[in-house]
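Participant: So the sequences go chain by chain: A and B. Using full-length UniProt numbering, you'd call the opening residue of the first sequence number 1 and step up by one each time. Using full-length UniProt numbering, you'd call the opening residue of the second sequence number 1 and step up by one each time.
These are calculated hints, taken from the structure and not from any lab test. Each hint should be verified, as a subset may be incorrect.
[Said to hold, decoys possible] Reference listing, derived: stretches of chain A covered by chain B, where coverage requires no fewer than 3 residues with Cβ under 8 Å from a Cβ of chain B: (1) 32-39; (2) 186-199; (3) 285-296.
[Said to hold, decoys possible] The calculated label-pair distances, taken between Cβ atoms and stated as ranges, are: (4) His202(A) / Gly371(B): 51 to 59 Å; (5) Ala174(B) / Trp63(A): 49 to 57 Å; (6) Pro138(B) / Asp293(A): 29 to 37 Å; (7) Gly175(B) / Ala263(A): 30 to 38 Å; (8) Trp63(A) / Arg80(B): 53 to 61 Å; (9) Ile307(A) / Ala174(B): 36 to 44 Å; (10) Pro138(B) / Val275(A): 51 to 59 Å; (11) Ala174(B) / Leu259(A): 34 to 42 Å.
The structure presented is a predicted model; accordingly, all values stated were derived computationally and were not measured. Ideal Cβ positions, reconstructed from N, Cα and C, are used throughout, including at glycine.
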Amino acid sequence: MISFLFGVFHTGLVLAAAPLVMGIVRLTKARLQGRRGASVLQPYRDLWRLLQKESVVADSASWLFRIAPYLVFVSVWLAATIMPTFTTDMLLTPAADLIALVALLGTARFFTALAGLDAGTAFGGLGSSREMFVASIGEPAMLMVIFSLSLLTHTTSPAQMAAYVMSGHVGIEVSAGLALAAMVMVAIAENGRIPIDNPTTHLELTMIHEAMVLEYSGRHLALLEAAAMVRLLLFMSIISCLFFPWGIAGPDSGLLEVLWGLAAWALKVGLLAVVLGYFETMLAKMRVFLIADFLGGALLLALLATIFLYVSEAV
Amino acid sequence: MLGNVTLMEYLGGGRAVAGHRPWPRYSLDERGWREMVHQLSVSDWTLLGLWADGTEVHAALRDEENAAIAVASVGCPDRRYPSLSGVRPAAIRLERAIHDLYGLTAEGLEDQRPWLDHGRWGQSAPLAIVRGAPPSGPVVYPFLPVEGESLHQIPVGPVHAGVIEPGHFRFTCAGETVVRLEERLGYTHKGVEGHMAGKSLIDAARLAGRISGDSTVAYAIAFARAAEAATGTEAPPRAHWMRALMAELERVANHILDFGAICNDAAFSFMLAQCTVLRERILSVNELCFGHRLLMDTVIPGGVAVDVTREGSSILRGLVKELRKRVRRLADVYDDMPSLQDRTVGTGIVQSSLAHRFGAGGFVGRAASQGGDARKVPGYPPYDDLDFEVPVHPEGDVNARIWQRLEEVTASLALIEQILERMPGGPLHKPIPTRGGEGMALVEGFRGEILLWLRLSEVGRVVRCHPRDPSWFQWPLLEAAIEGNIVADFPLCNKSFNCSYSGVDL
Numbered sequence: 001m002i003s004f005l006f007g008v009f010h011t012g013l014v015l016a017a018a019p020l021v022m023g024i025v026r027l028t029k030a031r032l033q034g035r036r037g038a039s040v041l042q043p044y045r046d047l048w049r050l051l052q053k054e055s056v057v058a059d060s061a062s063w064l065f066r067i068a069p070y071l072v073f074v075s076v077w078l079a080a081t082i083m084p085t086f087t088t089d090m091l092l093t094p095a096a097d098l099i100a101l102v103a104l105l106g107t108a109r110f111f112t113a114l115a116g117l118d119a120g121t122a123f124g125g126l127g128s129s130r131e132m133f134v135a136s137i138g139e140p141a142m143l144m145v146i147f148s149l150s151l152l153t154h155t156t157s158p159a160q161m162a163a164y165v166m167s168g169h170v171g172i173e174v175s176a177g178l179a180l181a182a183m184v185m186v187a188i189a190e191n192g193r194i195p196i197d198n199p200t201t202h203l204e205l206t207m208i209h210e211a212m213v214l215e216y217s218g219r220h221l222a223l224l225e226a227a228a229m230v231r232l233l234l235f236m237s238i239i240s241c242l243f244f245p246w247g248i249a250g251p252d253s254g255l256l257e258v259l260w261g262l263a264a265w266a267l268k269v270g271l272l273a274v275v276l277g278y279f280e281t282m283l284a285k286m287r288v289f290l291i292a293d294f295l296g297g298a299l300l301l302a303l304l305a306t307i308f309l310y311v312s313e314a315v
Numbered sequence: 001m002l003g004n005v006t007l008m009e010y011l012g013g014g015r016a017v018a019g020h021r022p023w024p025r026y027s028l029d030e031r032g033w034r035e036m037v038h039q040l041s042v043s044d045w046t047l048l049g050l051w052a053d054g055t056e057v058h059a060a061l062r063d064e065e066n067a068a069i070a071v072a073s074v075g076c077p078d079r080r081y082p083s084l085s086g087v088r089p090a091a092i093r094l095e096r097a098i099h100d101l102y103g104l105t106a107e108g109l110e111d112q113r114p115w116l117d118h119g120r121w122g123q124s125a126p127l128a129i130v131r132g133a134p135p136s137g138p139v140v141y142p143f144l145p146v147e148g149e150s151l152h153q154i155p156v157g158p159v160h161a162g163v164i165e166p167g168h169f170r171f172t173c174a175g176e177t178v179v180r181l182e183e184r185l186g187y188t189h190k191g192v193e194g195h196m197a198g199k200s201l202i203d204a205a206r207l208a209g210r211i212s213g214d215s216t217v218a219y220a221i222a223f224a225r226a227a228e229a230a231t232g233t234e235a236p237p238r239a240h241w242m243r244a245l246m247a248e249l250e251r252v253a254n255h256i257l258d259f260g261a262i263c264n265d266a267a268f269s270f271m272l273a274q275c276t277v278l279r280e281r282i283l284s285v286n287e288l289c290f291g292h293r294l295l296m297d298t299v300i301p302g303g304v305a306v307d308v309t310r311e312g313s314s315i316l317r318g319l320v321k322e323l324r325k326r327v328r329r330l331a332d333v334y335d336d337m338p339s340l341q342d343r344t345v346g347t348g349i350v351q352s353s354l355a356h357r358f359g360a361g362g363f364v365g366r367a368a369s370q371g372g373d374a375r376k377v378p379g380y381p382p383y384d385d386l387d388f389e390v391p392v393h394p395e396g397d398v399n400a401r402i403w404q405r406l407e408e409v410t411a412s413l414a415l416i417e418q419i420l421e422r423m424p425g426g427p428l429h430k431p432i433p434t435r436g437g438e439g440m441a442l443v444e445g446f447r448g449e450i451l452l453w454l455r456l457s458e459v460g461r462v463v464r465c466h467p468r469d470p471s472w473f474q475w476p477l478l479e480a481a482i483e484g485n486i487v488a489d490f491p492l493c494n495k496s497f498n499c500s501y502s503g504v505d506l
């Protein structure tokens, strides 16, 4: 019963907190640039504003264009419900593992790319083609990270991974370090952050993710924006749950431990948001074709993480 | 004999037109014009401008060997004249614009498509002596044809996502690589040449200051100098120094903002935020010292309308000190950012020979080894009294244009200090006599050399005014610079050029 309640609460929590995290990233960037910046609550207002607005759909768009935002939003949200945040004791956690999570994110990406092509504009096609280019290297890299982690912890379930890491079976592990580096790189690419993509640009020719959703407006755009925010929070949760699980409540925890888990998660995510904002301020965007090198690097790091595991076992 | 003739020797044989100052104007017949076209093919004479006036076409030329400047004119009673486009490709768009406005056809011009006329004027050739009928039916503009299986086109604009001027860019790409860019401009056409006709000098000067808003001081100086030349007057010395002071402030403000904007296009928004603050500092000091943030209407024919007080002078000195320090710090930030330089180095290279062929001035030309600067050649007061160097870079890429601008900022700041130090006293303004005549001026705006040609009637009204923005010769280079680059680098290249739309759409 309690895991059901936790599951419901968690599902609402990721959705409710995602705009706040985005707000923290944006405010950090603004402050570092010497601007006052909008309130951290601005993303909520933006979503609310978009929900109030009419959705304009291109004449050339098909039914796919209309349903894609819902599919994307639901897939990303569902993926976020798999990933434990403050407790591992949740209804849906045992139901799916990290491979399913990658599949859900891939589904979301697939429909975004299709929707980008659907309206038949040049920018949408450009964005979809670039997104697929990024995905073709990004997804293997992410799977490789998961493989090395599951080899390390003997499971693909995020809850059991977190429990394993906390149990002290994993010391300071070279593989974990390499996997973390690879994971961070993949997370940057998956979320279209600088230096891969610039989420705030108005220059259509340089866009990746934004180019695909250029044709969207109103509630459709609100859903896609919300999906992007939830995805960012999801990746922060992945990093904090798998690599820094300390504080997370396990099964049979008391109320105090759950509250402590909440606080620890909020702290970790908040810290990650500030760090992301800091690095985005310090970097320029890379050339489109360098993304292959960047993600190739992530793939290689993840591969090395796996190899190191075998090497250390053999020794 | 060919190739060794100087411009003056060549044109000097023609019929000189009286009352054209400060450089001579020669009237050629059609045969003479054809011979001149031929001579252009073997001479290093730069085309400075090409414009029409009733049924006459004028070409301003500069001999690069001895810096002599002259205007050649040809009458075209049967509404056609031999084209210069074969020997000076920079003339192509100017000839297309002449056709749209005056209905005069360039014979031998391959590209006969309209340029300014988008078929929405309700008439054609609005400045011709006899206006033409409007086009029947909607006008379809044929873009250059492309063939090839793996090529695709990306149309961008004319309405853009940012708050910028309108222009259409048609990219033909193979994957991410740009095979060809074709520009289509003319969306901000507002009939400047038509509006100028019949205006008093004061009204025309105000309009000239609004042709391209970010270069208002440079345009106003160009107009004032042309008017002074046409009437044979000379502004008082202090007016020259005041003009230079404001022109340099304008240059610094624009270069700084563009530097930030270029970095922002590589997603490094820190620089834009910082540069916006710096530009705002300049604009508020402008407001404080001269009463207008962008310095509009401060330069008038015959002198200037504002003076700088002792207090204003010390505010400006403080501003220069602050800017120098902060710009240097931002330049260091840029210099220490490999991720940013990875985007700018080697991107959007302008070939030096091409810049020379098009006579492209300003930072676009100077960042590609072309050292022309109207403040030095032909030079105008007070710059001949001032000590300054014009930096030049050979690489021609985005990085070179960034450094070009940063160094020009430094040079301009030093100029401002010199001007404040040595500004002579005396009157600010001298009345312009009511007199007819023709005048021409070359003034260095922040983008490059602005040419302004003016003909006044005997009662002192504007008969014809042709302003030629430096961007006329820079826009075509952008098309060349982006070739072979990836399409995602276009905004970076475009911002590093920052050509004026309003200035060329007239």
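Participant: Could you run down the list of hints and mark each one as holding or not?
Facilitator: These are the hints, each one checked on the structure:
A stretch counts as covered by a chain when three or more of its residues have a beta carbon under 8 Å from one of that chain; for the segment 32-39 of chain A and chain B the count is 4, and the coverage holds. For the segment 186-199 of chain A, the stated coverage by chain B holds: 3 residues have a C-beta nearer than 8 Å to a C-beta of that chain, and at least 3 were required. Counting residues of the segment 285-296 of chain A whose beta-carbon sits less than 8 Å from any beta-carbon of chain B gives 6, enough to reach three: the coverage restraint holds. Separated by about 35 Å at the C-beta atoms, His202(A) and Gly371(B) break the suggested range of 51 to 59 Å.
Restraint check, Ala174(B) to Trp63(A): a C-beta distance of roughly 33 Å breaks the suggested window 49 to 57 Å. Taking the beta carbon of each, Pro138(B) and Asp293(A) are about 48 Å apart, not inside 29 to 37 Å as hinted. Evaluation of the 30 to 38 Å hint for Gly175(B) and Ala263(A) yields a failure: the beta carbon distance comes to about 49 Å. Against the hinted window of 53 to 61 Å, the Cβ-Cβ separation of Trp63(A) and Arg80(B) comes to about 58 Å, which satisfies the hint.
Under the hint 36 to 44 Å, the C-beta atoms of Ile307(A) and Ala174(B), about 38 Å apart, fit the expected range. Look at Pro138(B) against Val275(A): about 55 Å separates their beta carbons, and that is inside 51 to 59 Å. Separated by about 58 Å at the C-beta atoms, Ala174(B) and Leu259(A) break the suggested range of 34 to 42 Å.
Consistency note: the structure conflicts with the earlier hints numbered 4, 5, 6, 7, 11.
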